[in-house]
Every structure is written in structure tokens, then in C-alpha cells.
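Can you build the whole structure from these sequences, using the hints too?
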Amino acid sequence: MEENIQIDQALANIQKLVDNIETVIRGKRTQIQFVITALLAKGHILMEDNPGTGKTVMAKTLAKSIADSTGSSGVNFKRIQFTPDLLPMDLIGSHIFDDVKKEFVFKKGPLFCNVLLADEINRASPKVQSALLECMAEHQITMGETTYPLEKLFFTIATQNPVEMEGTYPLPAAQLDRFFIKIYFGYVDELTELDIYKDYLGIQNNQDHMKQVLSMKEILFLQEETEKVFIHEEIITAVRNIVRDTRNHPDIVLGASIRSGIIFLKCLKAFALVNGRTFVTEDDLRGITTAVLDHRLIYRNREAKQKALTTILGKELDRLSKLKITINRTSFAPPAGNI
Amino acid sequence: MKIGRTHSAKKMLAQLMLLAVPTSLMVFYLLWDLNRFYVILENNWISQGTYFTIGLFLSTIFYSYRFRFITSATIIFISCYALYKAAGTFAFGEFDAFYFSVQLLIFGFLFSAGWLAGFGFSRTRFFTVIWSVMLLFIQIVVVSKTADIKVNVIINAFLPVLAYTFYIIYMSEMLRNMNEDEPNFIFFLSKRLGGFTIIMLLLLLFIFTLFKNDFQAVEREWGGSSAMNGKGNEKSENMNKKDGKGNVSNKDQTKLTGSLSKDKQLVFVAKLDNYFDDNVTPNPLYFTAFYYTKFDTLTQTFERDSMMPRNDLFLPDPSKIPLYFTVADSSAIKNSLATKNRKVVTADIYKAALSPDAYLAPSTGFSCQPVTVPKEVKDQYKSAYRAKMWVSDLNSAYFIYNPAGNQQLEAFQQLRFEKLREIQKITGPDKNFMSYYTFMPKDEEYKKIASLAKEVTADASAPIDKILAIRDYFLSKDEFGQPLFKYSDNPGIPGIPSANKLTYFLLENRKGYCAYYAGATLFMLRSLGIPSRIAAGYLTVDRSSKNPGWYWFYADQAHAWVQVYFPGYGWMDFDTTVPDVNTQQSPQPDGTPPMTVPQTYIVADGNIISIDTIKKQINMEVKKMIYHDKDYETASAKDLNIDVSLATITADTGEVRLSSLKKGMHITAVSYSEELKNILADKSDSLASIIKKLPIPTPVDEVKVLLIEGLKINKKQEEQKANEPIDWEKTIIRALLILLILLILLFLIPSIIWQYMNARAKGKSDLKAYHCYRASLYYLNQLGYERGDMGPLEYANMIDARFKSSFNSFSNAYQKAKYSNLPLSDSEKEILNESYQSFIKKVRTQIPLKTRISKFLNVYNTIHYFTQPKIS
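Listed in order, the protein sequences are those of chains A and B. Those letters in the first sequence? Residues 332 to 670, by our numbering. Those letters in the second sequence? Residues 6 to 877, by our numbering.
Since the hints were derived computationally from the structure, they do not count as laboratory data. As the structure is a computational prediction, the values presented were derived from the model and not from experiment. Some clues are possibly wrong.
To be verified - Pairs of lysine to any residue, SDA-like flavour, derived with a Cα cap of 20 angstroms: (1) A:Lys-548 with A:Gln-337; (2) A:Lys-655 with B:Asn-838; (3) A:Lys-653 with B:Asp-771; (4) A:Lys-655 with B:Leu-829; (5) B:Lys-16 with B:Leu-194; (6) B:Lys-735 with B:Leu-745; (7) B:Lys-821 with A:Ile-338; (8) B:Lys-809 with B:Thr-856; (9) B:Lys-834 with A:Ile-656; (10) A:Lys-653 with B:Leu-772; (11) B:Lys-773 with B:Lys-821; (12) A:Lys-653 with B:Arg-779; (13) B:Lys-773 with B:Gln-760; (14) B:Lys-846 with B:Asn-802; (15) A:Lys-655 with B:Phe-871; (16) A:Lys-638 with B:Thr-872; (17) A:Lys-636 with B:Lys-875; (18) B:Lys-516 with B:Glu-450; (19) B:Lys-769 with A:Ile-656; (20) A:Lys-548 with A:Asn-344; (21) A:Lys-483 with A:Gln-471; (22) A:Lys-655 with B:Asp-771; (23) B:Lys-348 with B:Asp-283; (24) A:Lys-655 with B:Leu-772; (25) B:Lys-345 with B:Phe-281; (26) A:Lys-638 with B:Thr-11; (27) A:Lys-653 with B:Glu-799; (28) A:Lys-653 with B:Lys-773; (29) B:Lys-773 with B:Leu-827; (30) A:Lys-638 with B:Arg-792; (31) B:Lys-773 with B:Asn-838; (32) A:Lys-653 with B:Asn-182; (33) B:Lys-15 with B:Met-179; (34) B:Lys-875 with A:Thr-621.
Below, the structure is given as C-alpha cells:
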């Protein structure tokens, strides 16, 4: 029961976090939810859109909203502006000679932080992009013979400009696969935009005096809780079907991998939590599939990009909606091992 | 290069099995059908069908890969064309070149057609519709080329194509909508296919039973006559119509057609007890079947009229009268209006080819008694009857022709002319009678006939003289000494189609057969105010002096002549047909007359109670009996056991076996046994007491089977039905009604489904929530609020925004029940169980009735609801 109270508290906290961020990032609730989903799923998020749509502010605000272990300020937030001449060392740090100790000591780069904003990631060369691979996937950095673990809470928010813009290096598929979720930020609607212009001072103020609504501990707890979210067998089947359909679809050249499937499941669980539930439903599937899978697929043409995944998802949702309630689920006996 | 697939191998296989195979079967059938009509195909349907099938299968397989149609098909078509062109240059002989190129043309055409069809099935959605319409069109063309349209031709042509059309459209649509990745794809497929087949069969059965009568009627109307005559619309017509069994009756011999064909078949033999005053010289009489009293000016034909005044036609059906029992009608005598110089004459008629139900007798017949045919001639004559008639002394087959020097006949003719000459003016029994029998059409044509009649009879005053003048006119010679009128079976058709045939005959052509002479005479007489009518039957020729009183009747003796009414003497026969030179030169040989029938002691009539085929005995219940020529009848039937071991059993169709008799059949048993000769009946004896006297079993020599009463009525009704013309209006209305019902049913489908779903949702079951959810979704979908690819919450929010309802909470609770491992709270349970009806009500109140009705007629929404989405 204690855990239940905790989880209810945590679920409430998530809503608080979302609300808090929304005081700065107006009209972007869905995007905020996706960001938190990626955070809870222990993944990373890639945001793509034109400059000036609030990507950076979003990352900053998130970092400020989470209290660090001391509880006095936000968690350790680092921002790297990716440029074509950026080198891997600029990210992970380097050995420098310590005059006093007469030895080389490792000077940690900006990767050693809790929330990392990798701004305009596709402006850097593939070499730098690859440097991110290990740390994002394995939460550690190997420098020479020594392996340095990253912070327990390590969350990367990467932004990129649309690939069509000049001076960009498209991210390799392997790199893209590391990002759990890719979202398009987009512009807000006209009313919200008006609202933002009217109240830009207030927003600035909010940004400067951000409240820390969640502690890092709570975030870590939620990350653990995410793993325990109940996921119905049929939803798992649906995930399997969707992933397999992307491989069989005639308009998709490269389908989703098995790793994508696992990430998909993680994200589903996290998304359920973000929506205040401890079980995954069709809505979660509907809400997150595109964000999770779209950037992993290579389409035959532009038209396919818009249609293929929607039809696959539509087919699966149709199947699910026609399923009967399985009787043993309605008996409400919580399966052992969960919660 | 790796070519991607359009369909999975499974789907391709399904297409091959379920679309291509039936299509090629259909095409095989079509080609087989076409081969019968088109010479160019050279009866080679198997290989032609194979060309098509090869094209179809190759193309179906080929296009299940992502090949481009235009390029690939162009290559195929061009190579086919090149092959066809090249054949001309490579073949050796000219004939070979032509032959091969034709073969290759057919091959190229069919192969290309198959290729196109394969592409259509594989890729194009609406191809099946176009394809079926094309097949139907081909069948329409083929049927329109068919000379003899019978119902089975139409059924054979359209039924398979129609069934195929339904099948192929349904099946291709189903394959298109099926999700082949479904693990139980094959199960679903066979389930749907089975369901479809059952519905199709039921529908066809339903339609067939409903239209069975119409089908049969159509067949009779279109196919019946030509099938039986086998001659179709030839320009000749038989005087004697043969019915289905080869029996002859002269139903309609006065139709004025172009030509007449006759044959030498023996129709019947008659013994006529009519002699001149010397009681030695036989006096033959014409045998009448019926009278034509009315002339239809529109169709130029004579009509029988059952409403004729003073109807003296006695028309029994001898096949339905029990053996030796008599049916008589004395009103015939009364209506014959004859009192002077009359006597009753008997005639025995033995039927050979004459239909068993025909009754022929010299006028005026009034009695009919079927008798047995002697054993020795049973194979020759099928049945016999004895007729009695009220015959005038003055009547004779020798009434017109010159008696060729026979003193006695000359004297007789003179005598009778004398007698008839006494009548100076003919007056009928009433006005109606006279105006009916002297009716003339008013046309210009008939005025010509009238003026001719006046001219011809200018010198005569008494009616009989006028008749003789007309006869003489027909027998007169022209200025070259040639007969003015000639007999011809083939008088030819007048040049102008609408010209009155009789005027043409009388004034121009002057050639014709009996009907022409009779018709012309009739109008000439009527124009002179002499009541007359046409009699149809057989002319009697006294050919032999070997058997006086016996006459043989052949098919070519079917005849038509005129009867004239003389007050007091009644209707007298007058034949004005000029002699046919050909027939008289080749008289037919007459056979031996049938032996006279032995004395009957007992004739018992009744139904069979039981039959013992081993002992050859029959137990029958007797209601009527003739014993030693005396009639007995009883209301309560008495049982009689008869011994049939020596008996001949006959029906109208000929001899039958004992085993073919059934319980309940109506039979007449006749005995000539000497055993019964001395068992005499007293005056006081009744039927029952006589039967008691009879030996058990009673020996019987003759058993005649009549139809059972019940069967008879049924058959009569059936006949009536058969003769009824098809009521096209009714048929069309019925077809439209069915169409309407089907249409209404189609439009009612959404409502029916909704009622079903609603009922399930309201019901109580473990799956109540599920049914509620599904029903709500269906209801909303039908009203036009499609879920599309929205998630449940998204959809519920949309619905709530529209209807201000709380579908949202229901949907959430439902999702929780479905996917969560948590127990539902009480409020959630309540929402799941209770909110359905109020929600539906809320939606209903917010949508006007008109909109709801129109939305619920939209079948498309329902189809959409049940269609499984596909990924490609």
C-alpha cells in the first residue's frame, strides 16, 4: 500500500512537472509529455524543427524543474552547441597535465551532467555524433583504458534543424536509433502565439525563477516504476505486429529493429505513466507509435512517409478495438511480481 | 535486382485458387458455348481455353511482383502481334499461312485477354465489375444469335455467368479486404466462402421455385411448338395436328394458309349402319368433329364458337367414359332442329392414330359408348366407341357429286332435291339464329363475294337451287374447256399480304383446298341469306364393296365443308370442293374390318381396392354395372373379386401390364365368359344381389383403365395452367417486387445489425461492457462519426465535444477493464454497466429523426465499420 501511495504521489508529481514546464513552454503539452516519456523510459529525445520554436528553452526548463540532490537548485544542466568543427574531446573531456601532481588528470567534458542539451546535433561531423553513441546507450565514457560512468540520471535532449537546411550532416541510422523518441516541435497555434507575445516578460520571469517540482530521487523512482507498468499481452502482440508490419510494408525500405520494439515497449510504459495510468492502453499506442518509430524507418518516398505508419497503426488499433475483454483480466487478480 | 512483391505468396495463391481457377472454368464454358456458334473457332475450345488460362495464371503470378503494367503488357502484346505477323512469312503453303495466322490470332487474342484479366484481378479493384459486364454482354450477343430461344438456352447462357459475376465480385473484394497476415487467414477465407455459397444457393433456389411456373410457361411459349413439330415455321400446315403422343386430331383445318400437306396415315375405321331405302346400298356420311360458325376478319380465320345459337355439337371425351357405359345428350337432338325424315343410326369407330379423347360422328351425334377393341387387332386400334346419331334420310356423302351413272344414287339425289326445293324461303327458329348464321363482314372484299354470289345464283329461286348453282359454278369450265376451279394443296399466297385470301381465291387464283371452297361457299350462301356454317371432320369415301358399311379414314381425308340449315330438316351437309384429280386416281387399299365384339355378360366399373399380382386377381369396389345388358347402379359400392389371369388390360395408350395398376385406379372390367351366361338376373335383383350370385373370383376378359378422378382433376388443372398464356405483367411485377424486397432488405441491414447489437448490449453477460462499447461505436459510426484511426480517448473526447456526453469516462473505464491488471472501482463498474443506455439516448435526442433515418439507410457506413483496414 505504501508503494501505491508513493506511485500516486509520483503520478501527481509528473502532472506538476508538466504544468510547471508549461508555464514557460506554452501550448506544447504533447511535446512536454513526450520529453518526460523519454526521460522516464531512460532514453533520450531528439527534437527537430526550425530554429526559434522553443527547443532549447524546453531542455533548460526541464533541467531547472528537477531539483538536484541538495534540493537547492536544478539538476546539472549542460548545453553544447554543435558546430562543424566540434571535436569529440570537446564533449567528453580530455587529459590535461596537472602541474602540481605532475600527472595527466582527466578533465570531464560537458557530458558529465544530468541533462544535456545537444543543440543542432546535425551540424557536427559524424565523428562527433558517434562520440555520443556510447554515452547515450551505456551511460558511460571510455577514455583510453579508463571507463568513467555517467551520472545516474543522464538525459540527452538533442535538437536538429530540418535535414534540408544547409550545413547539416544527417544523423546515421545507428545514432537515430539511440533516440527513443523524435518529435517535431512545430509552431503553436495563433491564439497561443498571441498569448506568448503578450506575456513574454512573464515567461521570462518564470524561466528565471523556475520552481523545482520534482527531486532527482523522485525521477529515479519513477524511472524504476516505469518498468513495472502493466502491459497487456495483446498490447505486446500489437507492438510485435506493428514492428513486423514496418518490415513487410511495401513502401518501407528499412523496417524497425527488434531493439526498436523493446524501446517501443519502454516508451509505452512511460507514456502510460505520463498520462497518469499504471497500465498501457490503446491510447498510448495511438499516441506514441509515430514518435517512437517514425525516425527509425526509411521510406520509399515522401508520400509513404505520411501514410505508411498511420495505416499500420490503424490496422492494429482496429484489431485491438474488436477484441473482447479477456475474462481472466476482468477478475482483477494482480499478477504476482508486478507492483 | 530484387523485385518487391505486391502481394504475399499466400495472397497470390488465394488469388490463383479463388479467382483465376473459377475464371478459367468460366472461360472454358464460354468458349465451348461460342464454339457452337462461330466457325472461326473450329471447335477447339479446350486448347483455346488453355491459352486463356495460361495467360491468366502467368499474369496473376507476374503481377504479384511489382512489375509495371504498361511496359510489361506492351512487350507481351507486341510479341504476340509480331508472332502473328511473322507466321505469314514463315509458313510454306498459302493455306498453311492462313491457317497458322488464324490460329495465332486466336492464341494471341485469348492469351492477351487472359493476361489482362490476370492483371485486373491482381491489381485493379473494379476490374471484376467490368469483366463480368463484358461476359454478360458476350452472352447477350450469343443468345441474340440463337435461332430457337428456349428457356434452357437462356438459363444455360445466363445462369452460370450471373452466378460467376456474383462470386467473382464478392470474392475479389473479400480477398482485397482480407488481411493475409492474419494467422487464421485460411479459416476466415473458408468461413466467408462457405457463408457466401450458402446464401447464393438459397437465393437461387428461392428465385427458381418462385419463378418455376414462369420458366415453364416461357419454355412452352417459346420452345413448345417448334420442339414438337420439329418443323418450326415452315410454310406448310398439317390438316391433322399431331399432339405430343403422335395421335391425330383435326383441331384446326380451316386456317387459310399458303399450302397444305397431307399424309396417308390411317386415322380411324368406322362401321356406319346407314343404308339407303333398299337396306343394301350403304349411304356414307361425312364425319364431323366440330363446327366453325364465326369468321374473324382480323386474323382471316374461322373460329369455333361454343356460344353458337342452338348448339347441337355433342362433345364427349370417350377416354373418360368407362367401358360399355353410355354418355348421351338428348339436347343435341333437340338443338339440331330436325324433325322430318330422321332416324337414329349407329356407328362403331375404331381409332388408329386418332387421339383417344376425340369424338367423331356424322351429325347429329348424341351418344357415345366406349367398347373394347377385339384382341386380334389390338395392336392396330387403340380404342373404340359406338356412337349414335340423329341422321337425316336426305343426308349423304353423295350430296353433290355426279353419281357417275349410278341410277340409284341419281334417283336419290333427285328425290332429295325435290324435297328440299319445297322450301322456298329459309326461316330460322328465331331472329338471333338467323342473324348469327348469316353474318357477313362488312368489308369491301365481302361485297365482291356477295355480288359474285348474286350473279351466279341469278336464275335460281329456291335455296337448294342456289346451292346447286354455286356448286355448278365451282364445277364450271372456262372458255377453253378447262375447269374453272382446281383443287390444290398449295394455292400460294396472294401477292399483297393483307389481301383477303378468299377474294383472291374466288376471283383470281381459283385454286385451293377444302377450306377455301368451304369458306367461299359459306360467304356466298350467307350473302344470299341462307344460314350456313362450316363443318370440320373427315370426308367419307366408299371405296370397296367388300365390306359394306365399313369406311377407312386416312389423314388426307381430313376435310372441311359447309352445312346449310333447312327448316324441319335441320343441318344438311354440302360439299362444294372440286374433286382432287390426284387423290381419286390413287385410292388407298382398305384393310380387313375388325371382328365384331362378342356378347358381354358383365361390365363392372369402379376403383381398385387391392391387386394380387401372383394370383392375378383384383379386388374392386363396384358402383356401376351392366349385367346382361341391363344397367345397375348403387350409392354404396360393393366389393367384387375378379380374376384377370386371362384378361387383356388396356389403357388409352395401349396395352398395359397388371403390375402397372395401382390401388385407387378407376377400371372397367368386362367379361364374355360363358360361365355367366346362365346366371340370370331377376327383375328384383339389385347390384348387390347380382354380385352375390357371381362366382368368386369372377372371370374377366377385359380390363380398361381410366384415369383416377383425382389425377384427372389435377391433370385438367395442369392442362389449363399449361395453356394459360404467361402473364408478363404479373411476372415483371413479381420480379420487381422481389428486387424491391431485396433492396429494402439491403437498406435495412444497418438497422437490423443495430437492433442486434443493441439487444446484446442491453442483455446481461460477462461481456456486457464489450457489447456496450461495440454497440456505441457502431451507432456512432452509422450516424457518421467514424472512429477512423483515432485512439479511443481521442474519439471519446470528440464525441463528448459533439454531444456533451460522458463517453470519455465510459471509454476510459472500458480501457481499464480491458488492459489493466487493477480492479475496477465501484464507480467505474457502474459506468460500464449503466451508462450505455443514457449515452445512446443522449446521442439520439441530439440528432433529428430525419437525419438518423437517412444515416441508418447508409449501408456503406456499415460496410466501412466491418472492413478490416489493410497496410497496403
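Hints, verified against the model:
1. For the hint pairing Lys-548 of chain A with Gln-337 of chain A, the CA-to-CA distance comes to about 12 angstroms; that is within 20 angstroms, so the pair holds.
2. Restraint check for Lys-655 of chain A and Asn-838 of chain B: the C-alpha separation of about 16 angstroms stays at or below 20 angstroms, so the hint holds.
3. Of the supplied pair hints, the one linking Lys-653 of chain A and Asp-771 of chain B holds, its CA atoms being roughly 16 angstroms apart against a limit of 20 angstroms.
4. At most 20 angstroms may separate the alpha-carbon atoms for a hinted pair to count; Lys-655 of chain A and Leu-829 of chain B meet this at roughly 17 angstroms.
5. Note on Lys-16 of chain B and Leu-194 of chain B: the hinted pairing holds, with a Cα-Cα distance of about 11 angstroms set against a maximum of 20 angstroms.
6. Distance restraint check for Lys-735 of chain B and Leu-745 of chain B: the Cα-Cα separation of roughly 15 angstroms lies within the 20 angstroms cut-off, and the hinted pair is therefore satisfied.
7. Between Lys-821 of chain B and Ile-338 of chain A the alpha-carbon distance is near 17 angstroms, which keeps this suggested pair within the 20 angstroms criterion.
8. Among the hinted pairs, Lys-809 of chain B with Thr-856 of chain B is consistent with the structure: their alpha-carbon atoms are about 19 angstroms apart, no more than 20 angstroms.
9. Our distance criterion of 20 angstroms between C-alpha atoms is met by Lys-834 of chain B and Ile-656 of chain A, whose separation comes to about 14 angstroms.
10. With a C-alpha separation of about 12 angstroms, the suggested pairing of Lys-653 of chain A with Leu-772 of chain B holds against the 20 angstroms cut-off.
11. Distance hint between Lys-773 of chain B and Lys-821 of chain B is fulfilled; the C-alpha atoms sit about 15 angstroms from each other, no more than 20 angstroms.
12. Note on Lys-653 of chain A and Arg-779 of chain B: the hinted pairing holds, with a Cα-Cα distance of about 8 angstroms set against a maximum of 20 angstroms.
13. The suggested pairing of Lys-773 of chain B with Gln-760 of chain B holds, with an alpha-carbon distance near 15 angstroms, which does not exceed 20 angstroms.
14. With a CA separation close to 18 angstroms, the supplied pair Lys-846 of chain B and Asn-802 of chain B stays within the 20 angstroms bound.
15. A threshold of 20 angstroms between alpha carbons decides the hint, and for Lys-655 of chain A with Phe-871 of chain B the separation of about 15 angstroms falls inside it, so the pair holds.
16. A C-alpha spacing of about 19 angstroms is found between Lys-638 of chain A and Thr-872 of chain B, which places the hinted pair at or below 20 angstroms, so the restraint holds.
17. For the hint pairing Lys-636 of chain A with Lys-875 of chain B, the CA-to-CA distance comes to about 16 angstroms; that is within 20 angstroms, so the pair holds.
18. Simply put, Lys-516 of chain B and Glu-450 of chain B have alpha-carbon atoms about 18 angstroms apart, close enough for the 20 angstroms limit, and the pair holds.
19. Between Lys-769 of chain B and Ile-656 of chain A, the direct Cα distance comes to roughly 15 angstroms. Compliance with the 20 angstroms bound is thereby established for this hinted pair.
20. For the given pair, Lys-548 of chain A sits about 12 angstroms from Asn-344 of chain A by alpha-carbon distance, which is consistent with the 20 angstroms threshold.
21. For a cut-off of 20 angstroms, the pair hint linking Lys-483 of chain A to Gln-471 of chain A stands: about 10 angstroms separates their Cα positions.
22. The suggested pairing of Lys-655 of chain A with Asp-771 of chain B holds, with an alpha-carbon distance near 10 angstroms, which does not exceed 20 angstroms.
23. Proposed proximity of Lys-348 of chain B and Asp-283 of chain B is supported: the alpha carbons are some 15 angstroms apart, at most 20 angstroms.
24. A threshold of 20 angstroms between alpha carbons decides the hint, and for Lys-655 of chain A with Leu-772 of chain B the separation of about 7 angstroms falls inside it, so the pair holds.
25. Under the criterion of a C-alpha separation no larger than 20 angstroms, the hint pairing Lys-345 of chain B with Phe-281 of chain B is consistent with the structure, at around 16 angstroms.
26. Straight-line distance between C-alpha atoms of Lys-638 of chain A and Thr-11 of chain B comes to about 17 angstroms, which keeps the hinted pair within the 20 angstroms bound.
27. With a CA separation close to 17 angstroms, the supplied pair Lys-653 of chain A and Glu-799 of chain B stays within the 20 angstroms bound.
28. Of the pairs offered as hints, the one joining Lys-653 of chain A and Lys-773 of chain B holds, with about 14 angstroms between alpha carbons and a cut-off of 20 angstroms not exceeded.
29. Proximity of Lys-773 of chain B to Leu-827 of chain B is assessed by CA-CA distance (about 19 angstroms); at most 20 angstroms being required, the pair is judged to hold.
30. About 17 angstroms separates the Cα atoms of Lys-638 of chain A and Arg-792 of chain B, which keeps this hinted pair within 20 angstroms; it holds.
31. For the given pair, Lys-773 of chain B sits about 7 angstroms from Asn-838 of chain B by alpha-carbon distance, which is consistent with the 20 angstroms threshold.
32. Only pairs whose Cα atoms come within 20 angstroms are accepted, and Lys-653 of chain A paired with Asn-182 of chain B is accepted, the gap being roughly 16 angstroms.
33. Only pairs whose Cα atoms come within 20 angstroms are accepted, and Lys-15 of chain B paired with Met-179 of chain B is accepted, the gap being roughly 14 angstroms.
34. Of the pairs offered as hints, the one joining Lys-875 of chain B and Thr-621 of chain A holds, with about 18 angstroms between alpha carbons and a cut-off of 20 angstroms not exceeded.
The structure is consistent with each of the numbered hints, conforming to all of them.
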